[in-house]
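Colleague: As a plain string of letters, each chain reads:
4 protein chains.
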Amino acid sequence: MGRTADYLNSAVMAMASAKEFFGNNGRDYAGNISKYYEYVRENDLLLTHTLINPQVNRGVGPSKQPDPFIAARIVEKNSEGVIIRGARMLATLPIADEIMVFPSTVIRSGQDDMPYSIAFALPASTKGLKFICRESFTSDSSYDHPLASRFDEQDAVVIFDDILVPWERVFLIEDPDRANKVNEATDAIVFMAHQATVRELAKAEFVAGLATLVAETIGADQFPNVQEKVVDLLLMAESMRGFINSSEAGARLNRWGLMTPDYVPINSARNLWPRVAPMMAVVLKQIGASGLMAIPPEEVLGSKVRPDFDKYYQSKLSEAEERVRLFKLAWDVAGSSFGGRQDLYERFFFGDPVRMSSAYYAWYDKEPYRQRVKELLHRKD
Amino acid sequence: MGRTADYLNSAVMAMASAKEFFGNNGRDYAGNISKYYEYVRENDLLLTHTLINPQVNRGVGPSKQPDPFIAARIVEKNSEGVIIRGARMLATLPIADEIMVFPSTVIRSGQDDMPYSIAFALPASTKGLKFICRESFTSDSSYDHPLASRFDEQDAVVIFDDILVPWERVFLIEDPDRANKVNEATDAIVFMAHQATVRELAKAEFVAGLATLVAETIGADQFPNVQEKVVDLLLMAESMRGFINSSEAGARLNRWGLMTPDYVPINSARNLWPRVAPMMAVVLKQIGASGLMAIPPEEVLGSKVRPDFDKYYQSKLSEAEERVRLFKLAWDVAGSSFGGRQDLYERFFFGDPVRMSSAYYAWYDKEPYRQRVKELLHRKD
Amino acid sequence: MGRTADYLNSAVMAMASAKEFFGNNGRDYAGNISKYYEYVRENDLLLTHTLINPQVNRGVGPSKQPDPFIAARIVEKNSEGVIIRGARMLATLPIADEIMVFPSTVIRSGQDDMPYSIAFALPASTKGLKFICRESFTSDSSYDHPLASRFDEQDAVVIFDDILVPWERVFLIEDPDRANKVNEATDAIVFMAHQATVRELAKAEFVAGLATLVAETIGADQFPNVQEKVVDLLLMAESMRGFINSSEAGARLNRWGLMTPDYVPINSARNLWPRVAPMMAVVLKQIGASGLMAIPPEEVLGSKVRPDFDKYYQSKLSEAEERVRLFKLAWDVAGSSFGGRQDLYERFFFGDPVRMSSAYYAWYDKEPYRQRVKELLHRKD
Amino acid sequence: MGRTADYLNSAVMAMASAKEFFGNNGRDYAGNISKYYEYVRENDLLLTHTLINPQVNRGVGPSKQPDPFIAARIVEKNSEGVIIRGARMLATLPIADEIMVFPSTVIRSGQDDMPYSIAFALPASTKGLKFICRESFTSDSSYDHPLASRFDEQDAVVIFDDILVPWERVFLIEDPDRANKVNEATDAIVFMAHQATVRELAKAEFVAGLATLVAETIGADQFPNVQEKVVDLLLMAESMRGFINSSEAGARLNRWGLMTPDYVPINSARNLWPRVAPMMAVVLKQIGASGLMAIPPEEVLGSKVRPDFDKYYQSKLSEAEERVRLFKLAWDVAGSSFGGRQDLYERFFFGDPVRMSSAYYAWYDKEPYRQRVKELLHRKD
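Residue numbers (numbering that gives the first Met the number 0), protein chains in the order written: chain A, 0 to 380; chain B, 0 to 380; chain C, 0 to 380; chain D, 0 to 380.
Next up, chain A with everything else stripped away, as it sits in the complex:
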């Protein structure tokens, strides 16, 4: 895949081009982010990141948890660097070369929260770093699981057991103000969201193609209600394409001199996507129906029931092996554990959709629309 990598690489690129933001607060943080970007770019490294503190008690801040070292934080600073203890969830792609730890949620400026305010990066292979992974969804058979066998990214909780982060890998420290605005101020969020929208477009196109093939294979493509569902997917793809084109047509140099897509369509894309993405699995289920269950495993191909398989699983348009291969792909998108995790991922990629809506509502400039309404209300005609 490499999608997650592209996503973070674009963020590091934006941050490096905004290196002045990181400043030089006793140490050369601007230089650190800049050198880190070059290192990643020149070595073509794959990155992951981890944003959220463990969910022990959502009602209080990290310093008020049962143990103040549950959320990853600074233990001490010494001449070599910073010692980190505690955990972060949810690192996708723990097989990456590098792991970035950046602030995501807002940290207050009080002394209690200071030790949690840090941004850094480390090789994922750093000695002592632990990743506790979920069950793997992969498979040895690309016939049975055409996606899971190739693309299971894994998800993990990362545990820092007094891990040393060398100073040259520290980008922000004990600086809640900068920490809270790093993504917006550097436009990293714009590049991340743009890249995410590209991924979403690719996915919507792929699933629209898949739904078309499934419908055609079983002769369901002639029914208006089936066509309507595939069109829902095509419109989802075209909406995302519209946002991308619009953001690119409106690109401009940002304050750091970097050509940056227009954020309005891109921020709209990332708010629309979790509302529509779940349709992908739903449409495949609606079209594939019970055919998604009649898919025997690969071992049948080389077994003595192969002649039965060839006879009874053929379709009008394709031989049994081909037909089952297609339906297994549909199942891997719409129904397998891999597919279920994909659905979850798309619903929550940028966080809770309700909170995202509130943030979008606050951010969006509604004043011109209010004015238009007020003008009508007081028109003299």
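What the hints contain is simulated information worked out from the structure, not anything from laboratory work.
By construction, the Cβ of each residue, glycine as well, lies at the ideal position given by its N, Cα and C atoms.
Mixed in with the good hints, there may be bad ones.
Pairs of lysine-lysine residues, derived as DSS-like cross-links and limited to a Cα-Cα distance of at most 30 Å, are as follows [as the list claims (entries may be wrong)]:
1) LYS63/A with LYS129/A
2) LYS126/A with LYS126/D
3) LYS76/B with LYS303/C
4) LYS315/A with LYS373/B
5) LYS76/A with LYS373/D
6) LYS365/A with LYS379/B
7) LYS129/D with LYS310/A
8) LYS202/B with LYS303/A
9) LYS126/B with LYS303/C
10) LYS373/A with LYS202/B
11) LYS76/D with LYS379/C
12) LYS202/A with LYS379/B
13) LYS365/C with LYS315/D
14) LYS310/D with LYS303/C
15) LYS365/B with LYS379/B
16) LYS76/D with LYS126/D
17) LYS303/A with LYS315/A
18) LYS379/A with LYS365/A
19) LYS303/C with LYS129/D
20) LYS303/B with LYS129/C
21) LYS373/A with LYS76/B
22) LYS310/C with LYS63/B
23) LYS373/D with LYS310/C
24) LYS373/B with LYS202/A
25) LYS379/C with LYS365/C
26) LYS315/B with LYS310/A
27) LYS373/C with LYS303/D
28) LYS365/B with LYS315/A
29) LYS63/B with LYS303/C
30) LYS76/B with LYS63/B
31) LYS63/B with LYS129/C
32) LYS126/A with LYS303/D
33) LYS303/A with LYS126/B
Listed next, the stretches of chain D that the computed footprint assigns to chain C, with coverage defined by at least 3 CB atoms under 8 Å from CB atoms of chain C [claimed, not checked]:
34) 139-151
35) 203-214
Given the structure of chain A, go ahead and fit chains B, C and D onto it with the hints provided.
Modeller: Coordinates of chains B, C and D only, in the frame set by chain A:
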């Protein structure tokens, strides 16, 4: 408003620039459309049109109805022009200067259907032309009905009682092949759909502003579920803007030499819109709630209960008159007869959404997506 | 109609049978409610009621508004009765014989809120009582507006300008504890909700019949997607019938000796209804489409264009007059101001659906379901 | 589970009580069904069944497929019984004791379709009978997969390779008329649908309990939008309970003397269920969010990272092991392959929802509703 007018004017412009399409089949139809466009443009005329045959029996064609002269058709041709008898529905804006009668639904090439194959335009004030209108939704009070009092377009059935259409106003006649493709071949559909999308964007922005003001007036803007609903409207607006920007960024000269927006985003817009437009009224109702009923008519303002009105209808943010004015506007969008007709209009502007989906499904180039799926299915890894 | 009346009559009946609840706190409130019920029953009176305080500032209680006499409250008590000043919204059916004023929202027990704690009833014709009504939706033509011409209930704000309520019409006074639980403790809420569910069933059945006729008239009843939409309405009706049957099969004597329907299905009905009721108008619009606009007013029937009307508005199944009559009814349900107000009414009949959900969530006994889950989690197999 | 078994056992019970329907067409089919029911009941046997012909070409009947022996059919009849060749899909629960093969889709009475008209039952262990199964979703760990490890029913295609069905196990043969109406005429469909509704109620209650526990564990139960979603599940459960209660309150002796639930609520239940069942997985995903991914496998419990697990995966309300156990259950309902298959199963249990809607539309007695509308249309007031 003038929206319907803009919409049709852009269609005539596209047709005139594609005048070769109309050809010179014994008479100078190319010249007719060209001159008609100039006439409309120079005199800044307002157009309406009428597309659909009366719905007497949907199961059979116009020549098989109880009376072959129910659908408007040619009675005879003479040296002055063509005599037309029968009706067409649904002409919106019968107060226009001109009425265009163009083919919309497919006509077969058989002899029976020949008399129904014609495209022409006439002044709406042509003697003998009858418009049977629905009940008017307008109002004398712009306080009580801020929209209906100004913008009720009316809808009518048009009846041709042996009306003469002079030859210079005929653009197509007894030519089913051209008739069936006139909108696509001239790109008139692209300009009409582009203009419709601009209207939809303006409407979505306006209603988003209105919903924001209603929520703020009653202090409901602080609730995440209310914010989420306004965001649904904002995303609807941004989707339409994305399609417009995308179609303009991808504009190219068409075969007739006219700079033409990219049709893919625009055709997507006109298919997405009827799926989302009904949210406008729904969100206003959900936010305004019973406040949409507590809106006494204008006569109360000058009556002896005015002091009661001022005391009991005020809100935290505004005086009674202002608050009620705002809620009456919301009602005129979401609940009045005018609003109900608007909702219907947006659902069916381009026709039945299910048939539109089927047409979009057939038209959309799904092959690249199919290919991408097939490549994955046969990857050797 | 009489629906609102039945609804309140059943509430008064429940309260009278629970007369001990009202007690004898210096005056015979139990006797008052009992005599009032007999009076209403014997004279077959039509009741309305009004529940909500004016929405001036939702953030603070009635005593903290700009004027403490905005919400209706006690001014003084004397030997004849209680003097009331202030307003209540939203009284539906102000043409009723009697108006009931009962507490709806929770009142705290502090001294400030005392004057707002009262329940009483008065003849709607009481001298000095003012109703400020919204615009009327009625019509002189039952052809043009088959529902609005007969059934517009009106909605009003009621203003008490130092109105005397005689002691025998007072049921509760300065008694927040009883006031806050009167509906639940007397089971009035069960009877009101049961009656409301009966109304909802009748409405769903009627609209299902109407949608069927509209579909048949234009030959759309053969399309699976149209059938699916009518079935949505039929299932809505059957759900309501299931709740009613279930509540009646589970009826039992309540603590006051009154045979009372089971509240669980009935409380479920009143929470499900606002989620599904909006489908009624939507389905009619989806099926009726542009046919809902081609409906000329009654005056056309007696005009010189009547022959045109008869010719062009006929359908396969019915003559023009009959067809238009049917479509006008559909419009009066789905699109006219009357219909728009009906839709709003059904969405908010028992209050804001989000708050209702929260109350239902808190009230519902979820413990047996939790237990079932816990048992599975700790099964030893 | 035994659910599928209960479902079929009730069908056999209904058929046996309607044994006269099967008649005595040369052989004692009435006796066969009667004896079969007693055999199943006395030996407490688990049944499965298989209804659908393979989907090779949906456009033509079984005799017109590439091979007339793709769909299971009669090869020959002899003194011992009937020889069957061909396949049937989709047998759920192939580990059952017995497999029933009954007609499901309509068979025309022509000679070509005769060989496909048969109803019989056989031990699933009959020599030569082949089941080709899908991939198993089960698991060795009831911690990791609390449902899949216990309840994966499997789904299979059944192949008859010249299998002898003894005459006493044949219930219908070469009798398309009876075959096409066996489910309705014997009321087997009523009992099957009633039992399915009971299953659906149990499921909805269970998932509502699970969603409640997940919300409480992470402190999300305080948010109105979360409460609203759990209420959606509770209302789904209460709707099903209303249908069941209603069908039982309306039970009557059928024509065969068997006390039979009222079919109207039960047929409504089976049409409503596929519309609402998908909410179960959706709500769990919406509430559980990324917590559904932070669930390491059982092996972590006994590993050296156990202390880390205990520290970082605890929640405010429960220890790590307990919390993860709960979330794994939610995942097994909402996201795992087992959960994905459950979602598919509930969507298609009784067949394609669109076709079911069409059948329900045709079956439902809409005439009383039509009449009510017509009465209003012609009221003289």
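Colleague: For the pair we were handed, LYS379/C and LYS365/C, check the Cα-Cα distance against 30 Å.
Modeller: Distance of about 24 Å is within 30 Å: holds.
Colleague: Does the stretch 139-151 of chain D contain three or more residues whose Cβ lies closer than 8 Å to a Cβ of chain C?
Modeller: Our answer is that it holds, as 3 residues pass the Cβ test (under 8 Å) against chain C, meeting three.
Colleague: Hint check: LYS373/B vs LYS202/A, CA-CA at most 30 Å. Holds or violated?
Modeller: Status holds; Cα separation ~15 Å.
Colleague: Is the Cα-Cα distance between LYS303/A and LYS315/A 30 Å or less?
Modeller: Distance ~24 Å between LYS303/A and LYS315/A Cα, so the pair holds.
Colleague: Given as covered by chain C, does the stretch 203-214 of chain D meet the bar of three residues or more with CB within less than 8 Å?
Modeller: holds (count 7)
Colleague: Against the 30 Å threshold, does the CA-CA distance of LYS303/C and LYS129/D hold or violate the hint?
Modeller: violated, 78 Å
Colleague: Are the Cα positions of LYS365/C and LYS315/D separated by 30 Å at most?
Modeller: holds, 21 Å
Colleague: Quickly compare the C-alpha distance for LYS310/D and LYS303/C to 30 Å and report which way the hint goes.
Modeller: violated, 87 Å
Colleague: Taken at face value, is the distance from the CA of LYS379/B to the CA of LYS365/B at most 30 Å?
Modeller: At roughly 24 Å apart (the allowed maximum being 30 Å), LYS379/B and LYS365/B satisfy the hint.
Colleague: Compare the distance between the alpha carbons of LYS63/A and LYS129/A with 30 Å, and conclude whether the hinted pair is satisfied.
Modeller: Measuring from Cα to Cα gives roughly 24 Å; hence the hint holds.
Colleague: Does the alpha-carbon distance linking LYS202/B and LYS303/A stay inside the 30 Å limit?
Modeller: violated, 65 Å
Colleague: Could you grab the alpha-carbon distance between LYS126/B and LYS303/C and see if it respects the 30 Å cut-off?
Modeller: Distance of about 16 Å is within 30 Å: holds.
Figure legend: structure checked against the earlier numbered hints; hints not met, in rising order: 2, 5, 6, 8, 11, 14, 19, 21, 26, 31, 33.
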